[in-house]
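Enquirer: One letter stands for each residue in the lines below.
Number of protein chains: 2
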Amino acid sequence: MAHYTPPLRDMQFVLHELLHVADEFKQLPRHAEIDADTINAVLEEGGKFAAEVLFPINISGDQEGCTLDPATHEVRPPSGFKEAYAKYVEGGWPALSADPEYGGQGLPIVLNQCFYEMLNSANQSWTMYPGLSHGAYECLKAHGTAEQKATYLPRLTSGEWTGTMCLTESHCGTDLGMLRTKAEPVAGAPEGTCRLTGQKIFISAGEHDMAPNIIHLVLARLPDAPVGSKGISLFVVPKFVVHADGSMGERNPIFCSALEHKMGIHGNATCQIDLDGAVGTLVGQPHKGLAAMFVMMNAARLGVGNQGLGLTEVAYQNAVVYAKDRLQMRSLSGPKAPDKPADPIIVHPDVRKMLLTARAYAEGGRALAIYIALLIDKELSSDDADERKECAELVALLTPIVKAFLTDNAWIATSHCMQVYGGHGYIKSAGMEQYVRDARINMIYEGTNTIQALDLLGRKVLGDNGARLKKFGRLIAEFVEDEGTSEAMQEFVNPLAELGDKVTKLTTELGMKAFANADEVGAAAVDYLRICGHLVFAYFWARMAKAALEKKDSGDPFYTAKLHTARFYFAKLLPETAGLIRSARAGVAPLMAMDEALF
Amino acid sequence: MAHYTPPLRDMQFVLHELLHVADEFKQLPRHAEIDADTINAVLEEGGKFAAEVLFPINISGDQEGCTLDPATHEVRPPSGFKEAYAKYVEGGWPALSADPEYGGQGLPIVLNQCFYEMLNSANQSWTMYPGLSHGAYECLKAHGTAEQKATYLPRLTSGEWTGTMCLTESHCGTDLGMLRTKAEPVAGAPEGTCRLTGQKIFISAGEHDMAPNIIHLVLARLPDAPVGSKGISLFVVPKFVVHADGSMGERNPIFCSALEHKMGIHGNATCQIDLDGAVGTLVGQPHKGLAAMFVMMNAARLGVGNQGLGLTEVAYQNAVVYAKDRLQMRSLSGPKAPDKPADPIIVHPDVRKMLLTARAYAEGGRALAIYIALLIDKELSSDDADERKECAELVALLTPIVKAFLTDNAWIATSHCMQVYGGHGYIKSAGMEQYVRDARINMIYEGTNTIQALDLLGRKVLGDNGARLKKFGRLIAEFVEDEGTSEAMQEFVNPLAELGDKVTKLTTELGMKAFANADEVGAAAVDYLRICGHLVFAYFWARMAKAALEKKDSGDPFYTAKLHTARFYFAKLLPETAGLIRSARAGVAPLMAMDEALF
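Residue numbers (this note's numbering), protein chains in the order written: chain A, 1 to 599; chain B, 1 to 599.
Be aware that a few hints might be false.
For chains that are exact copies, the list does not tell them apart, and a pair is met inside one copy or across any two.
Straight-line Cα separation of at most 25 Å, PhoX-like style, residue types lysine-lysine; simulated pairs [said to hold, decoys possible]:
#  : residue 1 : residue 2
1  : K428      : K262
2  : K230      : K336
3  : K389      : K288
4  : K513      : K502
5  : K502      : K182
6  : K340      : K230
7  : K324      : K262
8  : K340      : K182
9  : K336      : K513
10 : K470      : K505
11 : K336      : K324
12 : K324      : K82
13 : K288      : K546
Calculated directly from the structure, the hints in this document are not laboratory data.
When you get a sec, could you build the whole thing from the sequences and use the hints?
Expert: Following this line, the structure appears as structure tokens:
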């Protein structure tokens, strides 16, 4: 039977022993009162919700999927999803990190990060329903009028209503400059009021019966819009029109016209959305919608990385139980369970390699994801403007790495964990193949992983001549200097320092090449992102090894396991960079030399 | 719309310009009459069958799946599968490479290899129905009594009946020594007649309505069987009892009791098979069933590698069309289609990298697979005993590489090709995600890819102190010596020679380590197989580059494309070995040091 145990101990390690978040929060006036016990208590409750309410409806949700009634355009998510959402709202979870001005609890993003990791482990498809609301909330909070904020934010904060992001059209996803949905100003209505007409696709959580109203954030073109990405405006389009007094009015003609049949995330309603003159109001400035939408998108990209993290963790947990339980063959070095008909497969080195790969990616990803959440808390709440800026720069640098590296790792890890099950992993009832199918979307949506790589190398690194990268490099250099004399840390510090040097050289080389030919960026970007992902992971794994070494004599086996996993990471996963660097340096010619007609 | 074009030109290149199979066949008395035109004509017809009959029912077969009637235990495959099978039989395809003694056409295995690649591209699920028959045919041909051969082989050859392999039980797949199905001799019946009782799972093509009888090859234990793998016997158990005169008698109690719900290959009936005293007859010696079954298994492993190859090819073909058609973003180096709203995505270097990865894996895999088929033809038909032995040794060495490397590559390639489609790739109707799901089983069945790696490093390489590996190494050394002075070949020969040296050193190092600790084999095996896979691919890609260079002035763009793909392979894929070698050398400690309880 599939199972999930919230990884509270490891979260506490990262929060309190690695990042010392409570100390950090003391420096932030808004969060100065929060202590470790409060954090742990909230996460324990959150973990219960994930494990007890969401996890039991994950496999059934995949099997049942969503149903569209073509007559009413209403969508029914899988059994239990609506009830789970009611419990989520009742528990106050939507408000966790939201602004108290709109009814939020105002807790740090760090808590939301850990909470959402557990939701994603338990049920990615379900988690996307409230997850999308965060995007709409952030977007309206940053760009909405006072009236829009008053109308929508309290009810998004409470979870009474949910939100969506309506960007993609069938002919454009990556390239939103080509979108065609039209917005016509309504004569006589308040300024910014338009009727929207067009069709959107791939709208996650686009329609459902879990909330009485759905608040769509929609990109469209005004009549005077310039061609391309500078002619896109953002609108808020509620499923039911909302009157000035906050009451719900008539059904707005924004309908789900079809559900997509997908490889995975079957429990989430991926909708084709038709707008037939739906009334919406402008959010932010005309023609500046893409920039406004990017507020949502950056947070969403971190959220997608977190989906990868959640799937990696739950796949690992299940594969470990199976590997300890399943008897098959004897160890090559002699029987380990001579009283049984065969040894448990965890005695076999390659089974351990698959398990440890997932474990090292989960724990490394968790450290990185919580670190970024802490940076965001500082960016939002520090009273030091320089620190806010510094944190924002690091968040910008690390966001594409979190999105792409964690989701690529999840694809590798969930596939390994499925492989541990042998043929049984290929059968739906075990639940393992679902993790693989669900994990696959995370490499695609919110900007494909190639787009993330271009964002990292082109915009975030070369775009400021490596200034942001140097900021992170300084953290590594400081750590290497501090720990370079510790004998016990040599095995971690040396490869970290070596990879840091290689990344510096590679970055300079790619920058020079890009001067001559901009396609060099596109040729190297995906390898480069993965190399940087390993650099970041090596930094956090070295720091975690240090924290574990310090507690080695405590007798707590947690630290022994952490050290072993760190050693595994450096011995077996980091070496991937050797091949990636060669491939990145091989340049653009092997890719572009062949004429298109010859493909 | 999904499409498939049989890669006849590339097959002809491998057959006639790389391997010169018609010349080779002249040395084999059995095939001396076969010329290139005959080969090409057969493959052209075979390609038509694959593209026109099987490909159109691939996506629909995935969506419809198989249906079990629990009352009758009968299984209905997806619509069109039965009719396609009738055409297959009518066309004489089952008999292609079968022995003329039993009604076969006696054509070389090389032809069957190419034909099956196309069937797998067109419809892996369907192809498994006749594919399993080959295993039963080979097994009965090698180990059956004269009576069993006379009863079953002509009707397996004609395709009138189909076959299965019934090995796995729910508690054992890799470790068949633990199996529990019982065989009780029937008093008074001819010797070897038994009644079998037990339950088998994961039986591909285990039940269907495409043929009037199904011939199951079943592993079971006789009453006096020793414990473990030396107590397993092989039986032939027909769905309907066959009388001495060849007519079909009563229904044998060997029933499909359930169908598995799987990640992919939905069109194939993966059956739980209950044997309730089903009558079977012993094949080969008592207690020697596992060895007899391995005759089927080696051929089946090559067949699984071929499934990976087929999926890689068809995924590539579709992704190329999409990449030329889909307009999205401008090239970083300036617009390439200024008259269109955006450039086709094939202008983007990383899209090309994904496409070329699939292409290089498909074409490299095809060269290797046809090469092995030729070795098998020589092994079967040469009148030189030394040559037969030499070929058998190379086949034994390369079989685990074909199975694991080609199927791992297919997983990478189909996922890349799906990624080229962006969000549209995740939608079922595009057909791309099905290739990924179907490809995943190939890494598991017929011995997981870890088992293949252990077979390669432990048995095939270290087991004979590297003698087989040296045989292949000599082919590389000869090629390097022959081409080492050609300036145009330096870019291919040098990295090939370098990798060959590294593999030699690594093999010696692993052999030494394995002396001290047998688990070192398990720790390094999976990395080692992938390194050897690249060594073999590098050898074939260098040979293909040579063949293409020789025709460079012909003006035929085929050779230009071949050269570009070779350069891509050496620049962007071969470098993976740098990381793999480091990981393989990192040894067993990082895997085994952590106590099982700490996982």
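Enquirer: With identical chains, the pair K502 and K182 could be close in the same copy or across copies; at 25 Å between alpha carbons, which is it: within, between, both, or neither?
Expert: neither (49 Å within a copy, 61 Å between copies)
Enquirer: If the cut is 25 Å between Cα atoms, do K340 and K182 qualify within a copy, between copies, both or neither?
Expert: So K340 and K182 pass the 25 Å test across copies only (21 Å; inside, 69 Å).
Enquirer: Could you place K230 and K336 in one of the four classes (within, between, both, neither) given a Cα distance threshold of 25 Å?
Expert: For K230 and K336, the Cα distance is within 25 Å only across copies (21 Å; inside one copy 66 Å).
Enquirer: Check K389 against K288 for me: Cα-Cα at most 25 Å, and say if that holds within a copy, between copies, both or neither.
Expert: within (23 Å within a copy, 73 Å between copies)
Enquirer: What label fits K324 with K82 when the C-alpha limit is 25 Å: within, between, both, or neither?
Expert: Classified as neither: same-chain Cα gap 36 Å, cross-chain 43 Å, threshold 25 Å.
Enquirer: First find the shortest C-alpha distance between K340 and K230 inside one copy, then the shortest across copies, and answer within, between, both or neither for a cut-off of 25 Å.
Expert: Close across copies (18 Å), not inside one copy (69 Å); limit 25 Å.
Enquirer: I want to check one pair: K336 and K324. Are their C-alpha atoms no more than 25 Å apart within a copy, between two copies, both, or neither?
Expert: Within one copy only: 12 Å inside, 56 Å across.
Enquirer: Pop the pair K288 and K546 into one bin, within, between, both or neither, using alpha-carbon distances up to 25 Å.
Expert: Neither: 47 Å inside a copy, 56 Å across copies.
Enquirer: Between K324 and K262, at a C-alpha cutoff of 25 Å, which is it: within one copy, between copies, both, or neither?
Expert: Between. Shortest inter-copy distance 24 Å satisfies the 25 Å Cα cut-off; intra-copy 33 Å does not.
Enquirer: When no copy is named, should K336 and K513 be tagged within, between, both, or neither for a Cα gap of at most 25 Å?
Expert: The answer is between: 20 Å across copies meets 25 Å, while 55 Å in one copy does not.
Enquirer: Can you tell me if K428 and K262 fall within 25 Å by alpha carbon in one copy, between copies, both or neither?
Expert: Close inside one copy (15 Å) and across copies (5 Å); limit 25 Å.
Enquirer: Classify it for me, K513 with K502: is the Cα-Cα distance of at most 25 Å met within a copy, between copies, both or neither?
Expert: within (16 Å within a copy, 31 Å between copies)
Going through the hint list in order, the structure does not satisfy hints 5, 12 and 13.
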